[in-house]
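This is what each chain is made of:
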Amino acid sequence: MTHPYIPNAGAETRAAMLAEIGAPDVAEFYGDIPADLRPARPLDLPAPFTDEQGLVRHMRGLLARNTDTTQVLSFLGHGCYPHHVPAVCDEVNGRGEFLTAYAGEPYEDHGRFQALFEYVSMMGELLEMDVVNVPTYDGFQAAGTALRMAARRTGRHRVLVSGAVAPDKLAKIRDYLAPDIETVLAPVAASGETGEVRPDDTFAALYLETPNVYGVIETRGRELADLAHGAGALLVVGTDPISLGVLAPPASFGADLVCGDIQSLGMHQQYGGGQAGFIASHDEERLVAEFPSRLFGIAPTAVAGEYGFGDVFYDRTSFALREEGKEWVGTAAALWGITAGVYLALMGPRGMREIGETILARTRYAMRALASAGARVRHQDAFHFREFAIEVPDADGLLAALRRADIFGGVRLGPREVLVCVTERHSIADIDTLAAAVKDALSALGGTK
Amino acid sequence: MSSQGEPFATLPVAPKPVLRRFHQARWDEEIIFELSRPGRRGVGVPAPDAPPVELPEGVGRRTPPALPELSQNQVVRHYLRLSQETLGADLNIDVGQGTCTMKYSPKVNDTFVRDPKIAELHPLQPEDSVQGVLEIYWRLEQILNELSGMARVSLQPGAGSAAIYANIAMIRAYHASRGEGGRRDQVITTMFSHPSNAACAKTAGYEVITLMPDADGCPGIEALRAAVGPRTAALMITNPEDTGIFNPRIREFVELVHEAGALACYDQANANGILGVTRARDAGFDLCHFNLHKTFSTPHACGGPAAGACGVSEALVPFLPGPVVDRDGDSYTLNSPARSVGKIRPFLGVTPNVVRAYAWVMALGAEGLKEVAETAVLNNNYLMHKILRIPGASVPWADRRRVEQVRYSWQELSEETGVHSEEIGVRAADFGVHYWTSHHPYVVAEPFTLEPTESYSREDLDEYAAILAQVASEARENPEFVRNAPYNQSVHRIDPACLDDPAQWSPTWRAYCRKHRR
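Quick mapping for you: the protein sequence lines, in order, are chains A and B. Quick note on the working numbering: the first sequence kicks off at 32 and runs consecutively. Quick note on the working numbering: the second sequence kicks off at 375 and runs consecutively.
Pulled out of the complex, with its shape left as it was, chain A reads as follows:
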């Protein structure tokens, strides 16, 4: 019996094909691989499951060892967020046509081009910017590339980066820029917002995030944009698009480049597998020229009333120019872009406003509830979206105690600091449950205030 995934595997088919080619055996095709490069023994791999049911049983057995966030109350965020995923998002990205397509032409893959064009177009409305890329890998890569774009655009070799960025992300930015761009850290004010910065004319960009790693919303965007622009630098802003139904789009206060992750827009958490990055700019030719990613645009066809699509300004990519292109481009996260488009189309302007209002309100509610429970809430006077940090005497002790109550209480930022995430999936009752458990845990641990 042939393997179900390999139609030509049978000896008979193989012999017939070899006969037609006129080759004695398959080994003939490997004749260029020297004997000393052949392994001396067969591969040592686990025995396979030859029936589908056996494979399913094996996989389900492994998956059963996971406790997922629908089985407990999870307040984990820090770059991957538990938002509700509308059923239509899964329906569309599960379609075999989209799931298994790749890189066809804008004729036989017209739908792929249109779906991605619509994704970037809806992001453009949310961001109030005219240029948005086909997704890059994730928000880390988007930030690194946006800063490299700013450096190329200005011809400068330093960037000023807010300290209120997740440490892993900051490390990636530093490493990505390291060959020729110095990353200088900007201070974080006691409020949790960007502190005093003095960019001079050696800086290509000022980078800040809003909401930032502590969930703090920047209120001095315009002032920081003016400071950056006064020094001839660009303002690069990292954001989560799910906040933009209620937060002013960074372009409105002067951002030149905006970037971030779109996992919040319809992607399940997937143990980190739902990340995808966006980069946006105004339609300025010299900045568009610096995008490494593909950009899809409308083009006319031979028939009136038909939208065709194609690559905008392709001759800047590494596909066209190898190392003379801008950074590199490859397979990244297109299906998550299509999914985010579905999400934005479902939500519309009203849905985006409502989800933002709900998250703002519940975040503040949670901050007050945890303060009442005895945790010291950091940056209390700042506006927060979705996340906030608390200080406790023993972060590990608190999280372990909460875990015993079937709560993933938050992400440990340090020995005495925990980041708590609240989304539209957390009801007021859920937040009250967390607060009660925190109160119990803190009193058991000796409390703080």
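If you're looking for bench data, these hints aren't it; they were derived computationally from the structure. Every clue listed holds true.
Covered by chain A, per the in silico footprint, the following chain B stretches (three or more residues, Cβ under 8 Å):
hint, stretch
1, 530-536
2, 717-725
Just a few of them, taken from the derived set where beta-carbon distance is under 7 Å, the chain A residues facing chain B:
hint, residue
3, 80
4, 117
5, 141
6, 300
7, 359
8, 361
We put the beta carbon where it would ideally sit given N, CA and C, even for glycine.
Using the hints provided, position chain B relative to the given structure of chain A.
Relative to chain A, chain B alone:
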């Protein structure tokens, strides 16, 4: 058809013609913004049930975003129409996207990643709550260690190019750790290796030297000898290259690079035909990478999410991206290698594709993987045999063997008819298949690249070859007809000139409306 009329057809139904009478779905669908009507919505969200937060002027959004407003069924219908206008691998004999390894992605593997026990896992959960997923990462790593001969494998990179970048980052960190970071500022690659080898090396700060193929189709050892030296950080090379030719002197290449104190890095994007036949470490490579979305069957997803796997020798293990999964008795833990280059992407990796790739190997085993490789190579040679019988098609370095794919040429046909390879591809799509030329620059004139993998049957390959034979004969009989293709697609011939004109290009709907709808 009417009960009174004469029958217009009789049984039996005639046999099908040789070529499929394909027509791609054509819904003539609007851009989603054109479907919008004020007040509609596609999904309800929880209303604020806590006191509202008023944001100050300049911080809160003043004007709502001009997103489309549609009912839920309209959104479903719109996107299903677009999906129908997309030719996924599930629907076609997808041998035309050569180098992309468009193999079948088993449906059962999709069910695992849709399970809440993968879909609803947060990447920062306590380790004891994710033992199942960590075990899958660990098990897949052991499998890839065995397939590459490497000491360890990181599953963090988001795709093949990200894996190439991760390998370069490790190469850079390795030389820096030996105090040679500044001195070793060159990376050598080859013209038939993926362009990301050159582009990632340049991004990482290296000067790039590209070796051209010799008279025998492989990069020349003399050219390598001339290029390699104390400034060399690494050789980044694919084998078999995109031509399909396996470089038999690869071990000498590696040794030359090692003699200069540099590292050898193997881009295994084309590994499908040599799984279990030869291994990266056996040729002396220090680093390698696999594309899980190619060789290990995870779906290409319109261009990602994909997944990359970086394998390294013992000496490079301390530099691996972190964290990696270690086994401690029956439990699995996350640890950061001592001199890790850090994170290439957030969290551990593209988990759904790690799960799919693991399940794929577990449905095949060692014997199955051998069958995969041998069948892929057989299919490739069978298809080449068929293609070379089409007048006007040729293969450069025709006397060389081919492994996983073949880069062909229509030079002869093009000289005769004036029809270019791209135009042949557009017409071929009228029969329901993809077709790809080559990366740039075109070293092979009028190129096309086919890679049948193990997934397609003999009849499939016959059909694909018959399509190209048909298009070639059309090019001879009526070149204008081919040039004016397509005829059976969702849209007609596109004029791309505006896409390179800053005054006209429209990378979003708002740019289009601003420039063209006033």
